[in-house]
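Per this note's numbering, the very first residue in the sequence shown carries number 154; after that it's consecutive.
Treat each hint with caution, since some may be false.
Said to hold, decoys possible - The calculated label-pair distances, taken between Cβ atoms and stated as ranges, are: (1) GLU197 / ASP381: 36 to 46 Å; (2) PHE364 / SER159: 33 to 43 Å; (3) LYS279 / GLU393: 22 to 32 Å; (4) MET320 / GLN196: 27 to 37 Å; (5) GLU224 / GLN196: 29 to 39 Å.
Claimed, not checked - Only pairs whose alpha carbons sit at most 30 Å apart, straight line, appear in this in silico DSSO-like list of lysine-lysine: (6) LYS319 / LYS195; (7) LYS288 / LYS235; (8) LYS261 / LYS163; (9) LYS319 / LYS261; (10) LYS163 / LYS195.
Just so you know, the hints here were simulated from the structure itself, not pulled from any lab data.
Just so you know, even glycine gets a beta-carbon here, dropped at the ideal spot from N, CA and C.
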Amino acid sequence: MGNMFSLKGKIALITGASYGIGFAIAKAYANAGATIVFNDIKQELVDKGLAAYEAEGIKAHGYVCDVTDEEAVNAFIAKVEKEIGVIDILVNNAGIIKRIPMCEMSAKDFRQVVDVDLNAPFIVSKAVIPSMIKKGGGKIINICSMMSELGRETVSAYAAAKGGLKMLTRNIASEYGEYNIQCNGIGPGYIATPQTAPLRERQADGSRHPFDSFIIAKTPAARWGTPDDLAGPAVFLASEASNFVNGHILYVDGGILAYIGKQP
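Produce the complete structure using the sequences and hints provided.
Laid out in structure tokens, this is it:
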């Protein structure tokens with residue numbers, strides 16, 4: 154059974170994996186035997202990522218690449234294939250969010266979020282699929298969101314992009330499943346990362362931050378997730394254990410999407 158979840162001999166590209174959720178997934182893949190490749194938009198971020206992987210005892214390969222630039226992505230993938238090998242596992246993790254009320258958001262800001270969160274996964278997936286076909290298969294995992302299913306104030310661009318990413322996931326599965334390519338998504342719930350730390354800080358009187366209280370009340374697990382909570386699902390979707398799972402979004406949310414919430 155353990156061999157079904159092994160990634161030994163596989164090459165995994167996780168975009169934007171210098172830190173946070175992408176880093177946690179890459180670390181899980183390395184522990185399962187995969188060779189890790191990641192990118193970020195600036196050399197300083199790549200260097201920080203390399204140092205973080207080294208501290209974990211992981212030899213990772215880091216590259217500078219803007220995943221919204223199709224020419225740059227094509228050159229990046231060609232370089233990886235030449236220097237390391239054909240990518241077996243792609244995780245489209247790089248993403249941004251801008252919390253701005255819709256009527257106050259410029260079209261430029263809206264387009265930027267959609268560009269990073271939806272167009273980039275299209276561009277990178279398109280770049281790796283031909284070699285996956287030649288090799289006989291591959292795994293593509295898109296980092297979706299609960300906003301792939303739900304709306305919320307101030308995140309119109311993010312929700313639109315992540316909803317689109319859900320459907321891109323299903324379409325890649327539909328179009329390339331016959332080539333033994335499985336494309337699935339992971340929809341993280343609210344994850345405790347440095348970026349969300351201010352939302353979890355105790356108030357001056359010792360009480361919870363209002364948003365922290367809201368998330369705890371809406372989550373049957375009664376806690377925030379951790380990046381490590383995504384490790385098992387990510388390994389499953391990258392391994393042979395999921396060879397007949399295609400076009401699925403696996404929500405790792407502590408049960409939020411299944412729950413109507415507590416009665417006041």
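Hint-by-hint comparison with the structure:
In this structure the hint that GLU197 and ASP381 lie 36 to 46 Å apart at CB is violated, the actual value being about 26 Å. The given range of 33 to 43 Å is respected by PHE364 and SER159, whose C-beta atoms sit roughly 39 Å from each other. Taken as a hint, the range 22 to 32 Å holds for the pair LYS279 and GLU393, whose Cβ atoms sit roughly 24 Å apart. Between MET320 and GLN196 the C-beta distance comes to about 34 Å, which sits within the given range of 27 to 37 Å.
Our hint of 29 to 39 Å for GLU224 and GLN196 is violated, since their Cβ atoms are close to 19 Å apart. At roughly 28 Å between alpha-carbon atoms, LYS319 and LYS195 fall within 30 Å of each other, so this suggested pair holds. With a CA separation close to 15 Å, the supplied pair LYS288 and LYS235 stays within the 30 Å bound. Of the supplied pair hints, the one linking LYS261 and LYS163 is violated, its CA atoms being roughly 39 Å apart against a limit of 30 Å.
At roughly 23 Å between alpha-carbon atoms, LYS319 and LYS261 fall within 30 Å of each other, so this suggested pair holds. Taking the CA atoms of LYS163 and LYS195, the gap is about 26 Å. The hint holds against a cut of 30 Å.
Consistency with the previously given hints fails for numbers 1, 5 and 8, ordered from lowest to highest.
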